[in-house]
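With the sequences and hints as input, model every part of the structure.
Protein chains: 2
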Amino acid sequence: MSKHEGATPANGSPGGEQRLSRASVQRFSLYLRHLERWNDEGLQVVSSSQLGDALGINDAQVRKDLAYLGNIGQPGIGYHLPDLVAALRRCLGIDRPWPAVLVGVGNLARALLRYRGFQRQGFTFVALIDADPKKIGQVVDGLTVQSPDKLPEVLAKTKAELAVIAVPGDAAQGVADLLVSAGVRGILNFAPTVLRVPPAVSLVSVDLAVQLEQLAFLVHLGQDEP
Amino acid sequence: MSKHEGATPANGSPGGEQRLSRASVQRFSLYLRHLERWNDEGLQVVSSSQLGDALGINDAQVRKDLAYLGNIGQPGIGYHLPDLVAALRRCLGIDRPWPAVLVGVGNLARALLRYRGFQRQGFTFVALIDADPKKIGQVVDGLTVQSPDKLPEVLAKTKAELAVIAVPGDAAQGVADLLVSAGVRGILNFAPTVLRVPPAVSLVSVDLAVQLEQLAFLVHLGQDEP
DNA sequence: GGATGTGAACGACTTCACAGCG
DNA sequence: CGCTGTGAAGTCGTTCACATCC
Chain A
6 MSKHEGATPA NGSPGGEQRL SRASVQRFSL YLRHLERWND EGLQVVSSSQ
56 LGDALGINDA QVRKDLAYLG NIGQPGIGYH LPDLVAALRR CLGIDRPWPA
106 VLVGVGNLAR ALLRYRGFQR QGFTFVALID ADPKKIGQVV DGLTVQSPDK
156 LPEVLAKTKA ELAVIAVPGD AAQGVADLLV SAGVRGILNF APTVLRVPPA
206 VSLVSVDLAV QLEQLAFLVH LGQDEP
Chain B
6 MSKHEGATPA NGSPGGEQRL SRASVQRFSL YLRHLERWND EGLQVVSSSQ
56 LGDALGINDA QVRKDLAYLG NIGQPGIGYH LPDLVAALRR CLGIDRPWPA
106 VLVGVGNLAR ALLRYRGFQR QGFTFVALID ADPKKIGQVV DGLTVQSPDK
156 LPEVLAKTKA ELAVIAVPGD AAQGVADLLV SAGVRGILNF APTVLRVPPA
206 VSLVSVDLAV QLEQLAFLVH LGQDEP
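For the protein sequence lines, the chains are A and B, in the order given. Mind the numbering: the first sequence is residues 6 to 231 in our numbering, read in order. Mind the numbering: the second sequence is residues 6 to 231 in our numbering, read in order.
Since the hints were made in silico from the structure, they are not lab data. These figures come from a predicted structure and were not determined experimentally. Where is the CB? At the ideal position from N, CA and C, for every residue including glycine. One or more of the hints may lead you astray.
Stated by the list, open to error - With a Cα cut of at most 30 Å, we get these calculated BS3-like pairs of lysine-lysine: (1) A:139 / A:164; (2) B:139 / B:164; (3) B:164 / B:140; (4) B:162 / B:140; (5) A:139 / B:140; (6) B:139 / A:140; (7) A:140 / A:162; (8) B:140 / A:140; (9) A:139 / A:155.
Claimed, not checked - Some residues of chain B that are not near chain A, with every Cβ distance over 12 Å (derived): (10) 68; (11) 149; (12) 179; (13) 183.
Claimed, not checked - Just a few of them, taken from the derived set where beta-carbon distance is under 10 Å, the chain A residues facing chain B: (14) 25; (15) 37; (16) 59; (17) 63; (18) 64; (19) 65; (20) 98; (21) 163; (22) 164; (23) 169; (24) 193; (25) 205.
This is how it looks when you write it as structure tokens:
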């Protein structure tokens, strides 16, 4: 998968000085989504084992993760759901809006634009960029596609700190370089390429081909097994 | 997440009997993609450090990974590219075709259907499934959308062992159950839900919301740091 | 010299097990 | 009693360092 880390791991909470691993952060997202649903359903309290069972995660792991948020759980009772949700959102940094630009207006981009899960967590696409002259000027989901030249001014104007790259593999590094020099802070890359960005810029990659091959490998392995 | 283990490492060499970790398999895919490009460009030999540098991976790691393929490298020289590519494909199980069905015909599905990287590695979508009556009967990329009821016969007829789930979160577990009872062997899940499948079925999940939140977290962290 | 393969050290993540509190 | 928080143990994965071979 992708690596990359720029900044120093800061820490918010009082008392315990632990490290948030990448894996914990991913679990935080899973916790949050599930908890928000339970919260909407009116549930007030939840225990580490309930949450763990629902997600297929060991309960001690859940407690270790949540302990990072401060002493938020009550022994003998569990965790107060609304507090927990709020603490998770704050910790993940999604207690505020995250405007983002989307580079590469193909089918994947359309899928992302219409994916409700993003808006719900505060992510909004505020600009569309594509190098194809035939696409520039088109309006998709209320946004006008603009040329990559415009990136610096678009980022300045919209205050977007995040970008999503959804272009073909051979164009991706060029786009990334452009984004970096325009001052982007984080990139979510869907192109099938290993990107190089300076350490101050965060990078998360989702490589579809890799995931599908991983699956093929697992099935391939299990082939002759009882 | 899903597990799976079982088959013995088909390995002729005496001595070293290692296990292929999930992480190694993912790197295998990255290696393969890069090596195929170099191979097409006519390169004959490659070293672990060249490959590692290109991908941002430690060279010892590369050697450890490749050692799993048998004693394929030549000390003082490097790895013979065509052999290496062939060995990787065989090991990953993509030295043969992988027909797959795609459930949920939205924008994401269209993006996947048109993604060239899949075909190149032997993955082909042989059927489209969607529960929406308005979509059933439509033809997308040469395939007619069919009802989920048809899954058992579709899997039987097409010999597809893999399925891709690209439906909304609340429908995903139902689809997975259907696929499992229709005899699927592996599922690639894009729905924002933690799926439960029996251990004989392999599962790989790509959770877009989680990845974007991971990115937000990294940027959020780095915010006030030099 | 240059590059592989690999034990051993290291580090990261997960699970266990239990003290302590409501 | 049930449930949290956490040291300790265990497991897994990565990096180092070096013997070995071309």
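Subject >> Broken hints, by number >> reply: Of the numbered hints, 17, 18, 19, 21 and 22 do not hold.
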